[in-house]
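Novice: Please build the complex by placing chains B, C and D on the supplied structure of chain A, with the hints as guidance.
Protein chains in written order, with this note's numbering: chain A, 106 to 246; chain B, 106 to 246; chain C, 106 to 246; chain D, 106 to 246.
Hints are supplied without guarantee of correctness; some may be wrong.
For identical chains, the list gives no copy identity; a pair is met inside one copy or between any two copies.
As the list claims (entries may be wrong) - Computed cross-link-like contacts, BS3-like style, restricted to lysine-lysine with a CA-CA straight-line distance of at most 25 Å: (1) 170 / 124; (2) 170 / 192; (3) 124 / 192; (4) 145 / 124; (5) 145 / 228.
None of these hints come from the bench; they were simulated from the model.
Number of protein chains: 4
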Amino acid sequence: MEITAYRHRVQYYETDQMKVVHHSNYIRWFEEARTDFLEKSGFSYAWMEEQGIIIPVLSVSAEYKAMVHYGEDVLIKPTVTGFNGVKLLLSYEVRQEGTGELTTTGTSCHCFLDREYRPLRLKKEFPQVYMMFASCLEGQE
Amino acid sequence: MEITAYRHRVQYYETDQMKVVHHSNYIRWFEEARTDFLEKSGFSYAWMEEQGIIIPVLSVSAEYKAMVHYGEDVLIKPTVTGFNGVKLLLSYEVRQEGTGELTTTGTSCHCFLDREYRPLRLKKEFPQVYMMFASCLEGQE
Amino acid sequence: MEITAYRHRVQYYETDQMKVVHHSNYIRWFEEARTDFLEKSGFSYAWMEEQGIIIPVLSVSAEYKAMVHYGEDVLIKPTVTGFNGVKLLLSYEVRQEGTGELTTTGTSCHCFLDREYRPLRLKKEFPQVYMMFASCLEGQE
Amino acid sequence: MEITAYRHRVQYYETDQMKVVHHSNYIRWFEEARTDFLEKSGFSYAWMEEQGIIIPVLSVSAEYKAMVHYGEDVLIKPTVTGFNGVKLLLSYEVRQEGTGELTTTGTSCHCFLDREYRPLRLKKEFPQVYMMFASCLEGQE
Chain A
106 MEITAYRHRV QYYETDQMKV VHHSNYIRWF EEARTDFLEK SGFSYAWMEE
156 QGIIIPVLSV SAEYKAMVHY GEDVLIKPTV TGFNGVKLLL SYEVRQEGTG
206 ELTTTGTSCH CFLDREYRPL RLKKEFPQVY MMFASCLEGQ E
Chain B
106 MEITAYRHRV QYYETDQMKV VHHSNYIRWF EEARTDFLEK SGFSYAWMEE
156 QGIIIPVLSV SAEYKAMVHY GEDVLIKPTV TGFNGVKLLL SYEVRQEGTG
206 ELTTTGTSCH CFLDREYRPL RLKKEFPQVY MMFASCLEGQ E
Chain C
106 MEITAYRHRV QYYETDQMKV VHHSNYIRWF EEARTDFLEK SGFSYAWMEE
156 QGIIIPVLSV SAEYKAMVHY GEDVLIKPTV TGFNGVKLLL SYEVRQEGTG
206 ELTTTGTSCH CFLDREYRPL RLKKEFPQVY MMFASCLEGQ E
Chain D
106 MEITAYRHRV QYYETDQMKV VHHSNYIRWF EEARTDFLEK SGFSYAWMEE
156 QGIIIPVLSV SAEYKAMVHY GEDVLIKPTV TGFNGVKLLL SYEVRQEGTG
206 ELTTTGTSCH CFLDREYRPL RLKKEFPQVY MMFASCLEGQ E
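Just chain A, same shape as in the assembly:
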């Protein structure tokens, strides 16, 4: 499965007094793009939580290469860079919609837990979800 970019319109409340988007918001945009990717995959995160699949964030990072301003639209493209059924690694690219300029890159690392916060054997208990993530990883290679 190939992951398509997610479009975000910059909001006024996302700016700070440096007149650019506050750096904490990119972490939220990564989540928006992640959520969008899961929904397009057929396994929305809302559905996953209902099934008892919880996917907490173990770590995040972001690198700011160019500032983004109010009134601009950006495209956020997630890529599955690692998946073994236990951990999931994603990377993100944020680009200006018009020019394609790369403004920000980032990563997030996740694991899979059940409702009692115990590690989940995704391959055994939710093989179709396992297959989806695995197919994204193959698409990158």
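Specialist: This is chains B, C and D only, laid out in the frame that chain A set:
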């Protein structure tokens, strides 16, 4: 001019531990819808700020009638309920996209300032912006 | 019981490109002050949720009288303006710590629900909480 | 100069429907702690911006080791791990106030710009600020 509804997808970071959207986010959604309305009117807020038109918020209110959850899409419809060139009154209705259920109502009140934060004579200095707001008010009546 | 003011230091991430605090944050400051008031009352909101007392927000409002900037400290003082065991009305005053200048006023309205989101008979089931709110109301009169 | 820890009370609006603090807020807590450190150093960030010293964020990272909940107080301790007058590296430790449990670690990288967003020769133009950061680095070694 008739104002069309703005669509917002509820994000995970907008929820709180009551498992619903935190009430402060609706104030931000009103701003998203206001921004969208201005852009569709031909006078985006980014353009207005460039021209030296600042439209601060004097007051806001929100009434919560039904909870909104992660994974839901809402439509936010602003209406111009008052405008005299000096003050602008807007009201907002938030509805579930699927069912049309009214979840939230709200208002905001604004004035018009120039770059030095002095009251702006909109009718004289930006007659086209004045006309646009006036036409929205007429559309409601 | 008299409610004391809650001190909030303005954060950089609370500003917007107008170089003032974004108006949505005051709604969050009201919540901070409300939480602080409950904790000082001996019935923290975390404790209430554990007991099965949920206090959702039915409505909020804010009036912006003067702008607040990064690097300033404000005092937020909640007042119980209405309480009958079923509904709770609060008002808020935000003042500059140094000068005492009134920058913002606001209100919030709440009800009391149990874990199943049914109305809670506070006077019967949690008489000590009932008494605390009632004593705050008397303090105002 | 030794940097002392900054205390943050977890707010309700910082939680998400997993009933823990949303991961994006830690990036904001790092900023709160950074701001607090600068103020204690005698060179508040508000003062720096007035002088024309802008310190943008080039990158951030966070590692989540244990969840933090509403009603808890955390201590956030920044450490200067790198400084050469051109770039500033900070690391952060977030700990439960009561138990000292390490919940989160993180980093941020910054540069120094003037009002026109040109690189600033901190050592030459603001030697006292340069000395302060340098003394923090020495304190770590």
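Novice: Work down the list of hints and note, for each, if the structure agrees.
Specialist: Now for the hints, and whether the structure bears them out:
| no. | hint | in the structure |
| --- | --- | --- |
| 1 | 170 / 124 | both (16 Å within a copy, 23 Å between copies) |
| 2 | 170 / 192 | between (28 Å within a copy, 15 Å between copies) |
| 3 | 124 / 192 | between (37 Å within a copy, 22 Å between copies) |
| 4 | 145 / 124 | between (33 Å within a copy, 23 Å between copies) |
| 5 | 145 / 228 | within (20 Å within a copy, 48 Å between copies) |
Going through the hint list in order, the structure satisfies each hint without exception.
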